[in-house]
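Hints given; two lone chains; assemble the complex.
If you want the building blocks of each chain, they are given just below.
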Amino acid sequence: MDRPDLVAHVFYQKQQALLQMIRKGYYGAVAGLVYTIEYQKRGLPHMHLLIFLEDEDKIWAIEQIDAFISAQIPDPIIHPQLYEAVSKYMVHNCSPQRCVENGKCKKYFPKSFCEQTVMKDDGYPEYARPNNGRTIRKVINNDAEVYTNERVVPHPRELIVQFDCHINLEVCASIKSIKYVHKYIYKGPDRATLQTQGHDEVKAYLDSRYISSVEAAWRLFEFGMHLEWPSVYRLPVHLEDQQSVTYQDDEDAQQVLKK
Amino acid sequence: MHSCTFMTLRRLPIVILEETHSFNVQSCKSCMACLQIFIHMFKYTSKLTKSCGRNLLSNTLMFMCNCISALGQMVYDTIFLRQMKLLQSFLEMVQKQSMRKLCSACKVVVSKELAILHQSYSTLHYVLLFPQGEEGWHLDIPLQNIRVTRSKYVTQTLYYAFRLHIRPPEIDPSNIFCGGRLFQQYVCSAWASVEQSKLTWVFNNQKKIRSELYGGLQDHLAQDPNLDLRDTGRSVVLPSSHSESPHYMQQLLQDSLAICHDCKKPDLFLTMTANPTWPEIADLLPGKYVLFLYLNFPLTCITTNRSDSSGST
Chain A
1 MDRPDLVAHV FYQKQQALLQ MIRKGYYGAV AGLVYTIEYQ KRGLPHMHLL IFLEDEDKIW
61 AIEQIDAFIS AQIPDPIIHP QLYEAVSKYM VHNCSPQRCV ENGKCKKYFP KSFCEQTVMK
121 DDGYPEYARP NNGRTIRKVI NNDAEVYTNE RVVPHPRELI VQFDCHINLE VCASIKSIKY
181 VHKYIYKGPD RATLQTQGHD EVKAYLDSRY ISSVEAAWRL FEFGMHLEWP SVYRLPVHLE
241 DQQSVTYQDD EDAQQVLKK
Chain B
260 MHSCTFMTLR RLPIVILEET HSFNVQSCKS CMACLQIFIH MFKYTSKLTK SCGRNLLSNT
320 LMFMCNCISA LGQMVYDTIF LRQMKLLQSF LEMVQKQSMR KLCSACKVVV SKELAILHQS
380 YSTLHYVLLF PQGEEGWHLD IPLQNIRVTR SKYVTQTLYY AFRLHIRPPE IDPSNIFCGG
440 RLFQQYVCSA WASVEQSKLT WVFNNQKKIR SELYGGLQDH LAQDPNLDLR DTGRSVVLPS
500 SHSESPHYMQ QLLQDSLAIC HDCKKPDLFL TMTANPTWPE IADLLPGKYV LFLYLNFPLT
560 CITTNRSDSS GST
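Residue numbers (our numbering), protein chains in the order written: chain A, 1 to 259; chain B, 260 to 572.
Excised from the complex, chain B in its bound form (with noise of 0.2 Å):
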């Protein structure tokens, strides 16, 4: 009877999935989260319906699906077994839907609706993550602690940083880090999209950085030898202000370079490098996936407290 349900489970998310992007959600691998938070996305999709209306639903639902292919390749227990009566139901529920209505539903709200400032951005697209339907940031953050920047609302740096903060599971149950794979592809999408925040604002403010500084043809022609005239007429400049771009690298080297004509020589080259088995990271490891993990953060790095500084949730 189990396969069979199986075979049921694992036909129906493929058919959604050449209709949608994939969103890895095979990368979460422990059958528990996964049961888990997918209970949690039942329990809770009423109250999503309720605030991002009918598409939200639907691109859940997916979610739901891909869950479950996950689920299929993976060793069931009694634990699971006892589950099963909910995914059924659940089954039950998809198929009341038109498959074609729901797919196109779901690709609307991926391309098109959602920006990446949307505040739901992040919700749908990691709904593993958030399975409450917790709130991205998006622009209006009031910013209480204003010590830390100019800005009078949490900037995306801040409420990402805020996010990764560690904290007990009394005052925010966050299951963001037994992601997985799913929580390094979260982090790294939120740098992207930090990254391409500032990048717009460059993209835009071309005067304002005094583009036309950088122009000096010297100046490209000590970069680049082979250099093509034509490519001096000069659009877009990415300034030194930012870091890693190659005006910001060379900027340092000389720098780096003055340093070396100060001190006379450089005596020692050292590299070190981070070690994944270190017992701070083994040990603050959740077990394996646990769901609701409690961690006694013992580093000391953190100091501002962003904590009451974000209005989310």
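Pulled out of the complex, with its shape left as it was, chain A reads as follows (with noise of 0.2 Å):
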């Protein structure tokens, strides 16, 4: 990982690469895309899609569902490159400094069997994860762990397959989710603890800000950080006649009045 230039480049291409599949209907017709990229500590980029279909491709129906997501171990002879890619990639490990807190995981793994796809009240589905002996070994730091149906990240088939990397796949189904996710993808870079005296938000952005190689070469290639589509403008709204004016010093009172 001592090639920063290398990584944005390559993850660069990539994402352009599933971007433009998901525009020209992978999942159906698209209304509307919204992402931002994102650094974690250790600066591997990430990032965050939210995908709007049209109306006609909307995501309603549990097949549809089933077809988009799955959430367990693939056929290791039928799939061997899925299941490949699934163990390498789509396994949730918990460990204490990621995810565990109070004893418990955050995100909430291990789920429980679950036979069919099922709409839950909160919001998210909850995907299909079979009890059907499927299993995946793996070797972490010399402990051999075997794990089934109920530690699988919710993946995109033929993407994992296709771009070789972590690729979670969430369908949004009500309100509740859609604030989450929204709070999630602009919480804003990450920083150390913060403390400001008075107001310079110019010292408060530069203080506790850090910079991790990755996100500097990304930047400095000046490749986007977020995406916004269809593209969004914001009208100026006042009240009647309380219009900002905006004037030089040295132009005329009477013209500036007539604005």
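The hints are simulated quantities; they were obtained by calculation from the structure and are not laboratory data.
Glycine included, every Cβ here is placed at the ideal spot set by N, Cα and C.
Honestly, I wouldn't trust all of these hints.
Stated by the list, open to error - List of simulated lysine to aspartate or glutamate pairs, DMTMM-like, C-alpha gap at most 25 Å:
(1) K179/A x D521/B
(2) K524/B x E170/A
(3) K111/A x E158/A
Unchecked claim - To spell it out: a stretch of chain B is covered by chain A in this simulated footprint if at least three of its residues, at any positions, have a beta carbon under 8 Å from a beta carbon of chain A; those stretches are:
(4) 410-420
(5) 521-535
Claimed, not checked - To give an idea of the chain B side of the interface with chain A (calculated C-beta under 10 Å), a few residues:
(6) H424
(7) F442
(8) Q443
(9) Q444
(10) S448
(11) A449
(12) W450
(13) V453
(14) Y507
(15) M508
(16) Q510
(17) L511
(18) L516
(19) A517
(20) I518
(21) E539
Structure (structure tokens):
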């Protein structure tokens, strides 16, 4: 990982390729796309992408969800490549540093088995994780562990094989999840502890800001950090005769009044 | 005999290090790379002296010392032994100089004389990366391909993008990519200085960005309900045009919610994480800090020809 410029270049290419695919209708006609690029503390970039589909392609039915998203271990004989990709990237392994809080995993792994995909009340569907005896054996730090469907992160089947990396895919169904997702996407850059005196936003921004090398390379190459598509134009709103007027020091007062 | 020399070699930089910055030379792990760079520096010391005067010479010497301390912790092989003579002659040279004089000279260079805008800034901070004393970015590099920006001169971002461009060695034998963690540090500080320049502009041009438009108390309350009214007396505003700033993020959030409103509801939420073992990256990684690497860059994203737009080196 000593080449942040390479990581930035390659990730940019892959990310653009993925966006291209989705725009061309991989999940159906696309009405809008929103993404942000973020960096983990150790520097690996990742993208959060929200996909809005056109009305006729909106996801409502369980069968649609099942077609796009899988949360189970594939058959190692029929789909050897997929099996390998899932075992490499899509198995959630709890660790105290990342996700365990008060003895429980923040992301609720391991999840319980579930024969069929069900829509739950809180907006997240429960994906099918049949108890079919398929397992993945992984050796981490000399500890061999066996994982079942309980620990598989929901993923798009073809994409993880094609892009050869961790891709998590979830369905947004309710208002609640929309709120959560937006909060998640726009939480802003990470920073260490923050303490400001007075109101100097420039200084507050600089204080305890940290930059990872990949992020630095990404910004230097001027790759996009965000995308909002379709583009949004903010209209200035004002009460009658109360619009804001901009004028220079040397302008004529009468002219300014007419604005 | 070798261990004896090593002792001397290792003690020397400690004396200097106590007095000056540690420049992370330890991170340049490869013995060979270090040595080659070292020899380069040795060769070009005279050239450096001519262009930048005595201070640079002493600074270079300091880096050489750091370099040796890094070497001291490495397993040395036959090639290393062959270079020992060179090191020894260097050692004599350093010892001729008064140590205190050297240190004070270094301190001055690091703290005062070099503003971040100076062309030798990165050269002096990263002597290992620029062993030939290449000049860094400064304000007056003329830009030939004016389509890229409105500026007549090469901007900092352009310059660093140019520096990070991978090219075959016959055009530009660049070894900054072999710097390991030092290279990462270089990239970070490059972006930090770019951002610093932008922020300095914002700081000095509060009137131009019409900072009073951001002044509404309601804006504040929207951001922070526990607001202390004394703080609203507004001093400096970071405008929403500066990416990643709080105003910017808030605007994006509003935009996104507007899209949400327009397109009803989002359907899929996808998270894609980079994989450091992607073959595209692994194949391009130089074979463990090879000094002059040749890369046939297969990615197509660099379209603007920046190599002719910068007049550096």
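Tested hints:
For the hint linking K179/A to D521/B, the alpha-carbon distance of about 16 Å falls within 25 Å, and the restraint holds. Taking the CA atoms of K524/B and E170/A, the gap is about 14 Å. The hint holds against a cut of 25 Å. Between K111/A and E158/A, the direct Cα distance comes to roughly 23 Å. Compliance with the 25 Å bound is thereby established for this hinted pair. Counting residues of the segment 410-420 of chain B whose beta carbon lies closer than 8 Å to any beta carbon of chain A gives 3, which reaches the threshold of three, so the coverage claim holds.
Against chain A, the segment 521-535 of chain B contributes 15 residues with a C-beta closer than 8 Å to a partner C-beta. That satisfies the three-residue criterion, and the hint holds. Below 10 Å, beta-carbon pairs count as interface contacts, and H424/B has one with chain A at about 9 Å; its hint therefore holds. Annotation: interface hint on F442/B holds; nearest CB of chain A at approximately 6 Å, less than 10 Å. The beta carbon of Q443/B comes within 4 Å of a beta carbon in chain A, closer than 10 Å, and the hint placing it at the interface holds.
The closest approach between the C-beta of Q444/B and any C-beta of chain A is roughly 8 Å, which is under the 10 Å cut-off, so the hint is satisfied. Taken as an interface hint, S448/B checks out: its beta carbon lies about 8 Å from the nearest beta carbon of chain A, inside 10 Å. Given the 10 Å rule on beta carbons, the hint for A449/B holds: about 6 Å separates it from the nearest Cβ of chain A. For the restraint placing W450/B at the interface with chain A, the shortest Cβ-Cβ distance is roughly 3 Å, inside the 10 Å limit, so the hint holds.
Here the hint on V453/B is kept, as its CB sits about 7 Å from the closest CB of chain A, short of 10 Å. Taking 10 Å as the C-beta cut-off, the interface hint given for Y507/B holds, the closest approach to chain A being about 9 Å. With its C-beta approaching chain A no nearer than about 5 Å, M508/B sits inside the 10 Å limit, and its interface hint holds. Taken as an interface hint, Q510/B checks out: its beta carbon lies about 8 Å from the nearest beta carbon of chain A, inside 10 Å.
Among the interface hints, the one on L511/B holds; its C-beta lies about 6 Å from the nearest C-beta in chain A, closer than the 10 Å criterion. The criterion of a C-beta within 10 Å of any C-beta in chain A is met by L516/B, whose closest approach is roughly 7 Å, and the hint holds. Using the Cβ-Cβ criterion of 10 Å, the hint placing A517/B at the interface with chain A is satisfied: the shortest such distance is roughly 5 Å. Interface restraint check for I518/B: the shortest CB-CB distance to chain A comes to about 5 Å, inside 10 Å, so the restraint holds.
Given the 10 Å rule on beta carbons, the hint for E539/B holds: about 5 Å separates it from the nearest Cβ of chain A.
Of the numbered hints listed earlier, not one is contradicted by the structure.
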